[in-house]
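Mind docking chain R on chain E? Use the hints.
Chains as they are written, first to last, in our numbering: chain E, 767 to 1716; chain R, 33 to 497.
Honestly, the hints are just simulated from the structure, not real lab data. Even for Gly, the Cβ is constructed at its ideal location relative to N, Cα and C. A portion of the hints provided could be inaccurate.
As the list claims (entries may be wrong) - Derived EDC-like pairs (lysine to aspartate or glutamate); straight-line CA-CA distance at most 16 Å:
no., chain 1, residue 1, chain 2, residue 2
1, E, Lys1650, R, Asp386
2, R, Lys472, E, Glu793
3, R, Lys154, R, Asp481
4, E, Lys1185, E, Asp1322
5, E, Lys1129, R, Asp486
6, E, Lys1353, E, Asp1314
7, R, Lys472, E, Glu790
8, E, Lys1327, R, Glu118
9, E, Lys1650, R, Glu257
10, R, Lys250, E, Glu790
11, E, Lys1129, R, Asp481
12, R, Lys313, R, Glu323
13, E, Lys1305, R, Asp123
Unchecked claim - Sample of chain E residues with no beta-carbon within 12 Å of chain R, all distances over it, derived:
no., residue
14, Pro919
15, His1024
16, Ser1474
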Amino acid sequence: MRFSGLLVLLFALPARGSDPASAEFFETKVRPVLHDRCMPCHGGDAKKTPKGGLQLTSRDGLIKGGDSGPAVVVGHPAKSRLIEAIGYANPDLQMPPKGKLPPAAVADLTAWVKAGAVWPKGTATAAVAVKSQFDLAGRKAGHWVWQPMRVSPVPHVNDVNWPRTDADRFLLAKLEAKGLHPAPDADPYTLLRRVYLDLIGLPPTPVEIETFVRDSKLRTPHAALETVVDRLLASPHFGERWARHWLDLVRYAETKGHEFDPSIPNAYLYRDYVIRAFNADVPYDTFVTEHVAGDLVKEPRTNPADHSEESIVGTAFWFLGEEVHSPVDIRQDEADRFDNRIDVFGKTFLGLTVACARCHDHKFDAISAKDYYSLFAMLESSGYRLARVDGRQTEKKFRRHIPDPAPASSESPLPGGVKVVVDYAHLLPGQWMCDGAAFGSEPVYAGNIWMAKTETGFEPRRAERTAAYYNRAFDQLKPSPGTQLDPGELGKRMWAGRTLRTPAFTIGPGPVHLLVRGSGFCYAAVSQHSMINGPLHGKLVKGFSKSDRFRWVTHDLSNYKGLTCHLELTPSGDSEFAVAAVVQVEKPPPDPPASNLTETKENAAIQAGDVRSQSLTIRPASRLVPAMWDGTTVKDHVFVRGNPRTPGEPVAPRFLEAVAGTAPFHTTGSGRLELAKQMTNPAITPLVPRVMVNRIWHHLFGRGIVPSVDNFGIMGEAPTHPELLDYLADRFVKDGWSVKRLIRTLVLSRAYAMSSAVDPRADGADPKNDLFHRANLRRLDAEVIRDSLLADSGKLDPKMFGPSVPAYLTPFLDGRGRPGKSGPLDGDGRRSIYLEVRRNFLNPFLLAFDTPIPFSTVGRRQVSNVPAQSLILMNDPFVHEMAKAWGKQLAAAGTKNEPIRTVYLTAFGRPPTAAEVATCREFLGEKPNEEHWAELAHAVFNAKEYIFLR
Amino acid sequence: MMPRFLTRREMLARSANGFGAVALTALLAEQARANGAKGTHFPATAKNVIFLYMDGGPSQVDTFDPKPALAKYNGQNPYKVLPRVEPTQFDAIGKVLASPWKFRQHGQSGLWVSDLFPHVAKCADDLAVVRSAVSNFSEHTSANYFLHTGNGFQGRPSAGSWVTYGLGSEARDLPGFVVLDGGLIPPGGLDNFNSGFLPAAFQGSVFRAGDPPVANAKPLEPAAEQTEKRRLTRRLDELANDRFGSADAIEAAIANAETAFRMQAAVPGLTDLSKETKETKALYGLDAAFEHTRTFGRQCLLARRLVERGVRFVELTCPHIAPHDRWDQHGGLKKGHEDNARGVDQPIGALLTDLKARGLLRTTLVFWAGEFGRTPFAQGSDGRDHNPYAFSVWFAGGGAKGGVVHGVTDDFGYKVVKDKVEMYDLHATMLHFLGVDHTKQTFRFGGRDMRLTDVHGNVIRPIVA
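The shape of chain E in the complex, shown without the other chains (with noise of 0.2 Å):
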């Protein structure tokens, strides 16, 4: 069998890293031995001279050798003593002195001594031991990534005719430099199928088809070609394949996973967000602003169909990730999850393994674990909440608390002796924190007015003392129907559009207690954990009854002693809500002596009048998404190899040294606003565009120029052409950030459009297309299979947005919090980026073609080839059930239209030879029915041709 043949083949290349002269050889096999076992001795650094004057932190070192002479002869392993030495036949030489290296550690120096000693330039090793060793600078100068864009001219090139787009003179530069030529053009039905399943994931029709082919005979086909593309990229389809790719990144998923795997509530108004943004080609710069601090945006971004608020959905990115509902140790669980979030966001936007620095420095690349850690102090500065995104602009612009003439009164100070967590009489700047607008812009100033709720209306009050007074016009607030809210505990109450939020603390000594008014609940948010569903926390929220002067309420929360904490605070919706002050003492303060202000008339009208006018202007039912809310700044430590109980160098809010240096953000919050800010100056760093320029390619031409689009550090992959890759960058940059326009380009270049058929001489000379010399043969994505099938059994329905179609449950897909009834099997017909995401109950059929697991980023889906996928095709009652419906179709059409012409067209994009037509009609008999259509669609279906993109 050729395929047994083949396989043999398999198994006589070198597995990946195995060839000694690589340097990645050296950096997984050869560095690591040296840096942990010979470096504590043979590092050297300021305080410590290398023993016997030898210095293993360079090749350099190792020729240079010691006292006794070099330690390494090149490529000559019985001559180096340092093989010598490993090799423990001298007992006068024996290294390590407290142990002989592994047998295959000291196989593997040998092999690296003989083949060179390849040690990538400028790649020397910090010494270990000593932190101050870690090399910073010499990394950011040593790997390109750090460097500024380097635009270089269009290159020449010899074949002048061939090029249609810059992008294509520096491919075929190269492809001339080495003596090769690119392929030929495909076939327009080829390079149509292409185009539609790269811009809007979905196949042409035969209709559409025989147009382009009709077009392209008549003017050129590049002319038929630009027509086609500025109409899919005009479709809302192009949103919905482009948004999935987006979703990859960010490990979108709807549940939390863990025991029970709860919502994560409206999550799906993320991913219309990203659909929109893409289908309004919003700059890439803001998309990526919304994402990192799309809640601190002064002129936020609206959707103009419902005018509701676009900026803020963006941070819901954040809180994607898996979540654990009731951590024994929360401040270890705190860890883990900010560990994914940064893993995340390093990995989409920066290209960049930032978590890999959370346990000790980055092994390869430039970035510090302080750097690590800063990130962290800024995510510990933020938090979550459940925002609004309907009327938050009308909201915003409510005037509160007119100031009122009449003289302060005095009020009773804090007692002495207390530790102040907040004095709404006293503020410090960025004190003042409360999502939405019901407790105004400030506090209400002693002696001022405040307005009361009566069953006749609103009546001014004098404020006995400062505090944030709730007004009660927002007693109205309300999720929309439909609107899933926060598993457990807090999902009870409605917190959105009236919380206020105290600074964050240090808990102890002694509780907490809170000088309040009236009535509501009290959440602590120890460690930014937001999900009160299990016994450990349940006592987090604490509720306090109607009381119609300040007193005293006590939260006890010596449970978290140590941990870092803020209060949300919001009022119970049926009376007056104020909170004064909070304050950490052992025991409750005595309550301030009751008012002795007299109500007043004065202003009423107008007051009352300005009140009832504003609450008429507010909209009480809200969609509600997960999203970022700033806090006051939270100063940390590095956590010393990641262990939050070790705490080392303390931290403050900044981005990477290497990109912004070492000053920490200008703020009181968290400073996610000046990181997007630092992060989309192409003048501070390249990385943004270049990562998402890269991206972009990846999806178009099947590799990117950096091959591993997540990774652009030293264990990353080297870009094939790294001009190319700052010209496009640059050239992103200069057009506005604007993906469209880069995607339209890079599809109208002659390079995008060659064949993907394999020229024996040019695969000799360039076997993995390293240089693009021809179109690479792609599997298509999970979800375009699933779309294709649809779309061309007729059963499509190409309804866009909403909540998600529920997941299908097979008898297989079982476990805690599996949902009580299964979705439909078809999906509603719905595309497949509208498929609900249940982390713990993930789509089998998607799953098989290989859409990632939602747990971190994943830019470069795996592409494999398992029989589970054949089973699918074969057995799965949903393709069965395609193959029927387009069965029906086929033999209600009758045989007059060349029914088997459709079919190629539809299927495959292309029209069927006659050999194929014979081969179809034997099957189908004389006269086919329905059933013999649908076997022939089901047939047609597991032909490879359908899921392989030419």
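Coordinates of chain R only, in the frame set by chain E:
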């Protein structure tokens, strides 16, 4: 991680990675044969693994770690008698609770086993009990992920995935990593058995008691019709082949379709127990009065049949014994543990006995473990809360020493005092029996060479025969 584009050479590599198979692994078998012992770093003592997963966390002090001190201090305040009491999941710490079961010594070795496991106890001389296992997590899901994947969060490859990735499978028409679902998918769900960043090929395939036992393995149409359809598909593929320039990707995909087809036939043969003798069936408890003994007995028998067919890694989940919530006895310890043990004891004893009689125990590593242990003090009055600070697991066969105990806990069985064994060590040891050096089996993902044991792990040498 592999690139997405499909050059000829990359496709070859990819096909190799496709060989484990979500569902089946004939191709992998061919790979393994073509390749000899490529996957092992040194000679293996075990070829297969059967992982008996005790969902919920059985209590160490009621099973394999006898603690007379518990009887002595029964009913006393743990804060007074223990040096330090750690926070627990339910924060309802009761009094010190003596074990309701007697412990006896068994076999030549005199290994201590409680009366919960009379059948397992008969195989005492085959067991290597590790009393000093610890976990990093007190919550089921994190602890399950940790036990299965070496990491407390979703998205890492399961041990079974690592093993099939490294060694392939010798099963021609069956997956290399099979999960026999006794009725309880553990907290954390199917991701306990997923391949994480490894290719989908190495996912665990869940086999259920129903028909078909594995997803999509049963044709929805008469065999003749399917055959005819397949013939057409094959012909259409041939006719289109030139368009792809005989790409290896396409050929590999065609080959896997053939495997899938063969798989359909192999599955019914696997689950047809009619050829097993009456004695064998009785041994496993297929005629037992207790329904759950019958369920788990069938699972254990299937496990043996899977191993006979060359399946590399078989995991068994527990039967759902209502009204108990797995081994997770936060209350009603006595009845709960008794019922759970009644469900699994006879079948496990039978599995060990049967494997041994057939000469399969020498090359089959049986691993029994929950995700953590339970507290020596009560939760409320008659339950035990989660205890990650010490618990007992055991190995049998496949190169493990028999009748030995490793590790020591304090007088209460609460915390380890000697020879602490971390999850990484258990995984390292499992791989070691299979001939795999856990530090060398790596897969590049997100810029790192990932390992089942991360940067940790030591083989538990004293239990290696």
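A quick look at each hint next to the structure:
{"no.": "1", "hint": "Lys1650/E / Asp386/R", "in the structure": "violated (48 Å)"}
{"no.": "2", "hint": "Lys472/R / Glu793/E", "in the structure": "holds (14 Å)"}
{"no.": "3", "hint": "Lys154/R / Asp481/R", "in the structure": "violated (43 Å)"}
{"no.": "4", "hint": "Lys1185/E / Asp1322/E", "in the structure": "holds (15 Å)"}
{"no.": "5", "hint": "Lys1129/E / Asp486/R", "in the structure": "holds (15 Å)"}
{"no.": "6", "hint": "Lys1353/E / Asp1314/E", "in the structure": "violated (23 Å)"}
{"no.": "7", "hint": "Lys472/R / Glu790/E", "in the structure": "holds (15 Å)"}
{"no.": "8", "hint": "Lys1327/E / Glu118/R", "in the structure": "holds (15 Å)"}
{"no.": "9", "hint": "Lys1650/E / Glu257/R", "in the structure": "holds (14 Å)"}
{"no.": "10", "hint": "Lys250/R / Glu790/E", "in the structure": "violated (45 Å)"}
{"no.": "11", "hint": "Lys1129/E / Asp481/R", "in the structure": "holds (12 Å)"}
{"no.": "12", "hint": "Lys313/R / Glu323/R", "in the structure": "holds (14 Å)"}
{"no.": "13", "hint": "Lys1305/E / Asp123/R", "in the structure": "holds (11 Å)"}
{"no.": "14", "hint": "Pro919", "in the structure": "holds (29 Å)"}
{"no.": "15", "hint": "His1024", "in the structure": "violated (4 Å)"}
{"no.": "16", "hint": "Ser1474", "in the structure": "violated (7 Å)"}
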